[in-house]
Every structure is written in structure tokens, then in C-alpha cells.
Amino acid sequence: MNPAIRWFHSLGSPPTFDRFAARWAPWCHGAAMLLIALGLWQALFVVPADYQQGDSFRILYIHVPAAWMSMFVFGLMAVYAAIALVWRIKLCEILAMACAPIGAAFTLITLATGSIWGKPMWGTWWDWDPRLTTELVLLFLYLGVIGLNAAIEDRRAAARAAGFLAIVGVALLPVIRYSVTWWNSLHQGATIKLFGESTMDASMTWPLWVMVLATKFWFVGSLLQRARADNLAREANKDWARASAGVPR
Amino acid sequence: MSYLEYVIGAYAVFVLFLVWDFVVPRLRLARTRRNIVLRAKREAARLSGNPA
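Protein chains in written order, with the numbering used here: chain A, 1 to 249; chain B, 1001 to 1052.
Honestly, I wouldn't trust all of these hints.
Unchecked claim - Among the chain A residues that face chain B by a calculated CB cut under 8 Å, a handful are:
id: 1; residue: Ile116
id: 2; residue: Lys119
id: 3; residue: Gln225
To be verified - Calculated lysine to any residue pairs in the SDA-like style (CA-CA distance at most 25 Å, straight line):
id: 4; chain 1: A; residue 1: Lys238; chain 2: B; residue 2: Ala1040
id: 5; chain 1: A; residue 1: Lys238; chain 2: B; residue 2: Gly1009
id: 6; chain 1: A; residue 1: Lys216; chain 2: B; residue 2: Phe1017
id: 7; chain 1: A; residue 1: Lys216; chain 2: B; residue 2: Tyr1011
id: 8; chain 1: B; residue 1: Lys1041; chain 2: A; residue 2: Ala243
id: 9; chain 1: A; residue 1: Lys119; chain 2: B; residue 2: Ala1030
id: 10; chain 1: A; residue 1: Lys238; chain 2: B; residue 2: Leu1018
id: 11; chain 1: A; residue 1: Lys216; chain 2: B; residue 2: Gly1009
id: 12; chain 1: A; residue 1: Lys238; chain 2: B; residue 2: Glu1005
id: 13; chain 1: A; residue 1: Lys238; chain 2: B; residue 2: Arg1034
id: 14; chain 1: A; residue 1: Lys216; chain 2: B; residue 2: Leu1038
id: 15; chain 1: A; residue 1: Lys90; chain 2: B; residue 2: Phe1017
id: 16; chain 1: A; residue 1: Lys216; chain 2: A; residue 2: Leu35
id: 17; chain 1: A; residue 1: Lys216; chain 2: B; residue 2: Ile1008
id: 18; chain 1: A; residue 1: Lys119; chain 2: A; residue 2: Leu186
id: 19; chain 1: B; residue 1: Lys1041; chain 2: A; residue 2: Arg234
id: 20; chain 1: A; residue 1: Lys119; chain 2: B; residue 2: Arg1033
id: 21; chain 1: A; residue 1: Lys193; chain 2: A; residue 2: Arg160
id: 22; chain 1: A; residue 1: Lys238; chain 2: A; residue 2: Lys119
id: 23; chain 1: A; residue 1: Lys119; chain 2: B; residue 2: Arg1028
id: 24; chain 1: B; residue 1: Lys1041; chain 2: A; residue 2: Asn237
id: 25; chain 1: A; residue 1: Lys90; chain 2: B; residue 2: Arg1028
id: 26; chain 1: A; residue 1: Lys238; chain 2: B; residue 2: Ala1012
id: 27; chain 1: A; residue 1: Lys216; chain 2: B; residue 2: Ala1012
id: 28; chain 1: A; residue 1: Lys119; chain 2: B; residue 2: Val1015
id: 29; chain 1: A; residue 1: Lys90; chain 2: A; residue 2: Lys119
id: 30; chain 1: A; residue 1: Lys90; chain 2: A; residue 2: Arg160
id: 31; chain 1: A; residue 1: Lys238; chain 2: A; residue 2: Leu11
id: 32; chain 1: B; residue 1: Lys1041; chain 2: A; residue 2: Ala171
Hints listed in this document are in silico derivations from the structure and should not be mistaken for laboratory results.
Keep in mind the model is a prediction, meaning the values are calculated, not measured.
Glycine included, C-beta positions come from ideal geometry on N, C-alpha and C.
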């Protein structure tokens, strides 16, 4: 077997994953913290104020990366859940369920920072606008996955039921993405494009990409850390878990 | 037109959630490890016939 594929398969083993997560989670969080420091310094002190929105536009540097992460994490959770349902890989169940609280946190950040930006710019904290409403439904879906996973005592059955909800919920992602196109929306259309020309000046855009990268690293660090804790709790009776907790043999 | 209080509020929310996300899994991992150690001690005490 190809060594890369063999290494990937070995990650499915709980003790191997524990060692992998213990090694890489601090590095991912460290890289994220450095990038966040750089991105926030640029966003708050270097980039000039917008000629129309003043300093309030600086909220964009946390709002947009959090909004992208809220959808990305849900998509990834559904992929892990699908793999767990089809191939019954326990680690994928753990990873899928570890995605939910992180994605919910990013969704809450998106809604809260958007609301704070909306008050001075739109004159209201909240509006039942298609983009805002669909993002709120995404938060409820995350809470549904977390709640369902916590409500069933059998951990594997709980992860499968919650994973099924995550897979069904993926249908919401294109609705969120195209809500500003399909309906009349108070929320502006896409000003920053991954492919194609952004309508923001490049000097204002690059700290945003730093923050996008930072949130990706943060997510990987958090995912590994949360999955490691869940993995150890499920395997608490195994010898490797005892050794990992410092119990002498 | 600085809207400074809104900017500070939004960034505070962001930092607050990151701190929560950083701390909670570490606390859970520490609690799990402590439980494993305590269970091992109880088992060892039971096997040796001494109360834990």
C-alpha cells in the first residue's frame, strides 16, 4: 500500500489519532494566534477608514471570515457524518460531532458582529432579511445537531442520528450563499471574491485573507483538541488511554 | 463617524468566543484524564483489598 494512504488509514486508530492531535493542535492554535495578531493589527490600526462607513467597516475583518467558516464547518461536518454513516468509522463520528460547537460559535460570531455593524449602518440590530434569517436557521441546525448528540445515551447511535441531521442540513448552504441573489435583500451582495475581481481595494482586502487563513488554522486546532478529548473519554477503559492519562502500568 | 464603541463591541465578541473555544476542550480533556486516574486508583485499591 502507498505509505501516504497507509499513514492516513493509521490515523483512524484512536491511539494514533490521540498522538497526532496532541502534537498538531498546539501548532495550529499557535499559527492562528500569530495570524490573528497580524490581521487584527492591520485591520484596526493600518487600513484606512472607509469614506462612507467610517471605522465601522473594520467589523468586516471578523464578520466575513466567521461567516465563511460557519458554512465551511457545516459542510465538513456533513462530509465526516456521511463517511461515518457509510463506513462506520468511529473517528469520523467523533470529528463530525466536534465540528458542531466550533461551527455554532462561528455562526454566533457572524450574527452578533453583523448585528453590531447593522445598528449604525442600517439603523437596526436585526431585520428578517433572507441572508440574516438563513444564517439564523444555520445556527438552529447546529444547535439541533449538538442537542440530538447529547440527548441519546448510546454515543454511536447519537452521533449517527445527529450526523444524519447534518447531512440533511447541507441543503441550506446554497440557500445562504445565494439568498442575496434570489431575493431582494438588505444585506449587500458579494464584494469580496475568491475568484474574480473584488470591489474592495486591494490594500483593504489583504488583512481579510490573513484573517480567513487564521480562522482556518484556529478551526483545525480546535477540531483536533475537541476530538482528542471525546476520543479519550470514549476509550477511557483502554490501556492506551490509561497510559495517555499518566496511569502507571 | 468613528463608531468606535461598535467596533470594540464586535471585536470583544470575537475574542470572547475564541477564548471559550480554546479553554473548554482543554478543561474537558483535563477532567477526562483525572477521571481515568481516579478510576485506576479505585481499581488498584479494590484489588489490594484496601479502601480507596
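Hints, one by one, checked against the model:
{"no.": "1", "hint": "Ile116", "verdict": "4 Å, holds"}
{"no.": "2", "hint": "Lys119", "verdict": "7 Å, holds"}
{"no.": "3", "hint": "Gln225", "verdict": "4 Å, holds"}
{"no.": "4", "hint": "A:Lys238 / B:Ala1040", "verdict": "11 Å, holds"}
{"no.": "5", "hint": "A:Lys238 / B:Gly1009", "verdict": "46 Å, violated"}
{"no.": "6", "hint": "A:Lys216 / B:Phe1017", "verdict": "15 Å, holds"}
{"no.": "7", "hint": "A:Lys216 / B:Tyr1011", "verdict": "18 Å, holds"}
{"no.": "8", "hint": "B:Lys1041 / A:Ala243", "verdict": "13 Å, holds"}
{"no.": "9", "hint": "A:Lys119 / B:Ala1030", "verdict": "41 Å, violated"}
{"no.": "10", "hint": "A:Lys238 / B:Leu1018", "verdict": "32 Å, violated"}
{"no.": "11", "hint": "A:Lys216 / B:Gly1009", "verdict": "23 Å, holds"}
{"no.": "12", "hint": "A:Lys238 / B:Glu1005", "verdict": "52 Å, violated"}
{"no.": "13", "hint": "A:Lys238 / B:Arg1034", "verdict": "15 Å, holds"}
{"no.": "14", "hint": "A:Lys216 / B:Leu1038", "verdict": "36 Å, violated"}
{"no.": "15", "hint": "A:Lys90 / B:Phe1017", "verdict": "28 Å, violated"}
{"no.": "16", "hint": "A:Lys216 / A:Leu35", "verdict": "10 Å, holds"}
{"no.": "17", "hint": "A:Lys216 / B:Ile1008", "verdict": "23 Å, holds"}
{"no.": "18", "hint": "A:Lys119 / A:Leu186", "verdict": "13 Å, holds"}
{"no.": "19", "hint": "B:Lys1041 / A:Arg234", "verdict": "19 Å, holds"}
{"no.": "20", "hint": "A:Lys119 / B:Arg1033", "verdict": "45 Å, violated"}
{"no.": "21", "hint": "A:Lys193 / A:Arg160", "verdict": "35 Å, violated"}
{"no.": "22", "hint": "A:Lys238 / A:Lys119", "verdict": "53 Å, violated"}
{"no.": "23", "hint": "A:Lys119 / B:Arg1028", "verdict": "37 Å, violated"}
{"no.": "24", "hint": "B:Lys1041 / A:Asn237", "verdict": "13 Å, holds"}
{"no.": "25", "hint": "A:Lys90 / B:Arg1028", "verdict": "20 Å, holds"}
{"no.": "26", "hint": "A:Lys238 / B:Ala1012", "verdict": "42 Å, violated"}
{"no.": "27", "hint": "A:Lys216 / B:Ala1012", "verdict": "20 Å, holds"}
{"no.": "28", "hint": "A:Lys119 / B:Val1015", "verdict": "20 Å, holds"}
{"no.": "29", "hint": "A:Lys90 / A:Lys119", "verdict": "45 Å, violated"}
{"no.": "30", "hint": "A:Lys90 / A:Arg160", "verdict": "10 Å, holds"}
{"no.": "31", "hint": "A:Lys238 / A:Leu11", "verdict": "17 Å, holds"}
{"no.": "32", "hint": "B:Lys1041 / A:Ala171", "verdict": "49 Å, violated"}
Violation of the numbered hints given earlier is confined to hints 5, 9, 10, 12, 14, 15, 20, 21, 22, 23, 26, 29 and 32; the remaining hints are satisfied by the structure.
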